[in-house]
Structure formats: C-alpha cells, structure tokens
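We have chain A already, so just place chain B on it with the hints.
There are 2 protein chains.
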Amino acid sequence: MENPKKIACIGIDLGGTNLRAALVSRSGKILDRRVTRAAELEAESILTELAARCRDLVQSGAARGIETVAAGLGVAGKIDPSNGMVVFSPNLPVLDGYPLGRLLQKTLRLPVYMENDANVFCLGESFAGAAKGFRNWVGIVLGTGTGGCLFLNGKLWEGDRLGFSGEIGHMIVEPGGPPCPCGSNGCLEAFASARALVTGARRALRVPGIKEGPLGELERAGKLSAKTIYECAKHGDPAALELFDKMGWALGLALANLFSALGIRRAVIGGGVGGAWDLFIDSLENTLARNCSMLGPEGALIQRGRLGDDAALIGAARLGMKRKRAGEWVNG
Amino acid sequence: MENPKKIACIGIDLGGTNLRAALVSRSGKILDRRVTRAAELEAESILTELAARCRDLVQSGAARGIETVAAGLGVAGKIDPSNGMVVFSPNLPVLDGYPLGRLLQKTLRLPVYMENDANVFCLGESFAGAAKGFRNWVGIVLGTGTGGCLFLNGKLWEGDRLGFSGEIGHMIVEPGGPPCPCGSNGCLEAFASARALVTGARRALRVPGIKEGPLGELERAGKLSAKTIYECAKHGDPAALELFDKMGWALGLALANLFSALGIRRAVIGGGVGGAWDLFIDSLENTLARNCSMLGPEGALIQRGRLGDDAALIGAARLGMKRKRAGEWVNG
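These protein sequence lines map, in sequence, to chains A and B.
According to our numbering, the first sequence is numbered sequentially starting from 1.
According to our numbering, the second sequence is numbered sequentially starting from 1.
Just chain A, same shape as in the assembly (with noise of 0.2 Å):
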C-alpha cells in the first residue's frame, strides 16, 4: 500500500494582543508556527498579516511534503461560525462585524473555519491534551477574562446555537458582587481573570493599610498586573494571597454549581492566569468540597491544561480537520 499523502491544518490563536498561527499535524503535533503583533492593527491588516503567516506557513509544509488542507481560527468574543463573522470582539474591537473567516478563506483558498477562543483551547486539551479521553468535562480559561466551555458525550457543546455556549465566567457567584464587563455583578469574571486581579487589588487599596504595602507600592509606579500580583503573593503577601483565595473560591463554588448540574465531576483549567495554580487550587478544591453536597467521596477532579498556549493553536487545527472531513464551508 502507498504511504498515504501527509496532510496539516493551521490553527490559528487571535488573541488581543499577538496572532499566532501554527502549522500542526494530523496527529496534533506542531511542526512549525508564527507569531505577529496584532494589537493596533486595523481589521483589514490583521487580514493581511494573517494570510501572510498562513501562506508561510503552507510553504514551510509543501518543502517537507506536507499538503495543508484548512485553518481553524479561534477569536476571543461572539463569533458567528456559519458565516466566518466576527460578531463582538472585547480584545479586538476593530474587528466587531468584520467577516475575518470568510475573507481568510477567500484569499488562502482554503476552508476556515471559526470558533470561540475558549472551545479551540477545550478543542485541543481534548485532543492531545489533559481532557484527553474525558466524556464530560468543563474547561475554564483563566486570561484576561474568563473563558470556559463544556464537553458533553464527548463533543463541544454548543447549546441551542444562539451564538454563545459555556459561558461559565458569566455565572453569577456573589449575586451583588463586584461589576463584570458584561454588565452583570458577581461574574466568576469578576473574581477569576487577569483583569479581576488588578481591579481586586485596587479595591484592596482603598483599605487603610494595604495602601502602604506592596500592592500600594506596585500601584504608585504603575506595575499594577496579575503578574506583578502573583509575584507579591508568592512573596507571602496577604492581600495578594487574598486575591487568590477569593479566585479559587469562585472558581470552586462554579465548578460546584455545573457539578450539581450536570451530574459531572471533571474540569480542566487552563490559560495564563491558570499559571498561579498552586495559589488557587486549595481554595478552589475546599469549597468544591463544602458546596457540592451531591459529589460523593471520590470527589471532584480538577486538573491543570497541559498544553498551554498551544492548547487554543492545536484545537483551532483540530477543528478545521474535524470540519473539512465532514465537508463543511463556511458560507460565502
């Protein structure tokens, strides 16, 4: 028998602030990737940057043999899939309304497909990842917001097709809590993001005493960050450390609520902010513990994403694999 033709899809990550593209295997492996700056880029240049990386990367496969047969493009916000449209972008505002998939597809001539940026990386934790063989499970991405997903009997779950799905950092956890973005107060967003650690220290500071510490000291010279926030918490800072118990208990008292559900007892965590694990988990997993009554003494199980950032860049793969062998286009 012939050795069967290779063949690689790109996965595409459109994140706020970098475009990264991959050109990955059928069997989940990246074998070559770019990376571009996409922040303060208007739409159509993001277009062109895009197709530019991608085109790179169709040439790196064809010298090694390697036919690429589509891209899967995850973007952060609501997106519309049959129609390659991006609908609201709250990282990339330039692009609310640009047909970005369709006009990819057009100019690479190949098929594009297009999800949300939390189901690629839920895409790609199942894939080669830490989800890898798990039936149901809730994936969170802990980044600037929170993104989250469900995988139910083993595939996405895509809900009624109202153009939004596992919306898990838009529970309400502390009904009357701190403001969301999305308009709502007590968002699990509001406690378990990049942006909810900033704007949670900053409420810790109109606190007397805090003001004077280091969270005080990084706010005055303007290193204000989950990162600089982390550091000080490893430092053994107790308003920092606070942030992060309040992070893993709204992560945990979520998880408990989907828990109960659903009837499921598996979550994976990914996403930068996933990096400050070992300050959650423990918050995370009691109150798990003291608010899923229906959970027996096997308990939950939660684990860290394996994969990263390529978690997001695999599964944009995997989906335009997956889509491409069950002959789908996008419209237009």
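Calculated from the structure, these hints are not laboratory results.
Glycine included, every Cβ here is placed at the ideal spot set by N, Cα and C.
Mixed in with the good hints, there may be bad ones.
[To be verified] Pair by pair, the computed Cβ-Cβ distance ranges are:
#, chain 1, residue 1, chain 2, residue 2, range
1, A, T36, B, F88, 43 to 49 Å
2, A, G177, B, G299, 21 to 27 Å
3, B, K132, A, S82, 24 to 30 Å
Okay, now just chain B, sitting in the frame of chain A:
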C-alpha cells in the same frame, strides 16, 4: 393489516405522602388510576400496597383488551436505576437501601424501571406536556424540596452516571445563605420549595412587626404551611409576598447561570409550589434578564408545567415503555 395489539405501561409516583399509580396508553393518555396513602408504612407494606394497585391496573387494562408491558417508578431522592435500589429517600426514609424496583418486578413479573421523581416529571412534560418538541431545556419541580433535571439533545441528561444529575435545587444561589437539608448553605432549594417557604416565614417572624401580622397568627395557630403562606400573599401580606419574590429571584439566578453555561434558553417549572407561579414569575424573569447578559433580546422562555401531578405518572410510564422497547431489564 391487522390492528396492532393495544399495549400500555404503569406509571408510579411514590411521594412522601401518597403512592399514586396509573395505567398509561402508548400515546401518554391516563386510562385508569389508583391512589394509596404511603406515609407511616414500612418498606414491605409499601411494596405490598404498590403490587396490589399495579395488579388492579393490569386487570383493568386486560378487561379492555390492553396488555400491560412494563412499569416505571419515580421516587424522590437518590436511586440506583441499574439494580432497582432506593439509595437515599429523604421523604420515605424507610426505603433507604431497599431494592423496591427489583422486588416489585419479581412480584409483578413485569419489567420495572426506576428513576428520580424530577426526572420522570421531565419525561412526562417532554412527552405530552409543556416541553413537547423542546430539544434543550431545564426542568424544575417545586415541591417539599426542589427537584430538577436537564434535557439535552432531546434526551434526559444523565451526566457521568454518578447517581445524581440535574440537581438544580442544590445549585448555590446565595453563598453563606440559609442552610439547606443537604448540608450546604444558600442552595436554590433553601429559597424555592414548600420547606423554604415555611422556614423563611419563621425567619421573617423574628423581625419586629411581622410577628404581629398574618404569618404570626398562622404560626401561633400551628397552621403555617406553603399553602397558607400562599394565601397570605394573595391577600397582599408584604412579608409573605417577599418570600415568593425571593423564590423568583433564586429561580431566576439559577436559570441565568444554567443558560449562560449551557447556551440554552428554555425552562419548564412544575410541582405543587409551581402553582404559586403568579407570585414568583415577575421576580424570576427580571432576575434572569439582569443576570444572563448573553441572552439576546429574544430572551428566555420560561413555561409552567402543563400536566400537573400527572407529569410524573405519564413520565414514569413513558420511562417503562422506552426501556422495555430497548430490551433493558432491572438486574436481579
């Protein structure tokens, strides 16, 4: 073509007070029914009563040329459908650890299938009630406690088969809120159930001024119940109205969280306390709209159950019909 033989199933609803059984046609019509008091009976007597009522129904069917092919049994609490065992029944504790389904099957020489009472409610409303034709929806049963279930992709969702699923009543809506019999605090059930109305009224009676009002009179007369609190509210008593407002708030918040996470927008609410619909629906809908930022202007669709008490009977019979067709038998 010959007329196909007429067949029917028995549906049984085993509540804390009464044992109700009905002969149900293939199309979900109740053909005949029996009711017996279950409170204060021992486990063996419950089995004997149940078997006698079922035999009545089988004979009643036979007299009309109808063959009874199976029975479905809905029980409040945690059950193990695979071996017909009641694991834990808060309303009929004499049944804890009793293999009621298996013994009934042996006695009747008919396949008997068991499910949680909220799940059979869902099956009933889905087959012949308010949720007919709905693919994805949340069911909530407001009774002594708060039952719940999920229908996903047109099927009763069973999760990881951990012995519970759809425990909407134990989603936390107010962290640190009133205690729930499950051991957690601030569960939906602690706001939206007959028990919550009574304990909520007792809490309210500690407030000066309220003790002297109609709720205080009921308490002193030993007549405080969900029903009398409802009547107080219908007569405009602010303290009683406040309890139903809070019920609606808690239901709205739990549904907002489920809709955000699942990307769905339909719920059906039934059960005895669901009859107080007019007193909680405004608060429910306002809370939902404020706390589910993802749902567009088309919004959520919340409906009342349409089958009343018959939902559980029709659903239990439907369970019997479906499992029998699938060729399953309870082990034993």
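Non-conforming hints, listed in increasing numerical order: 1
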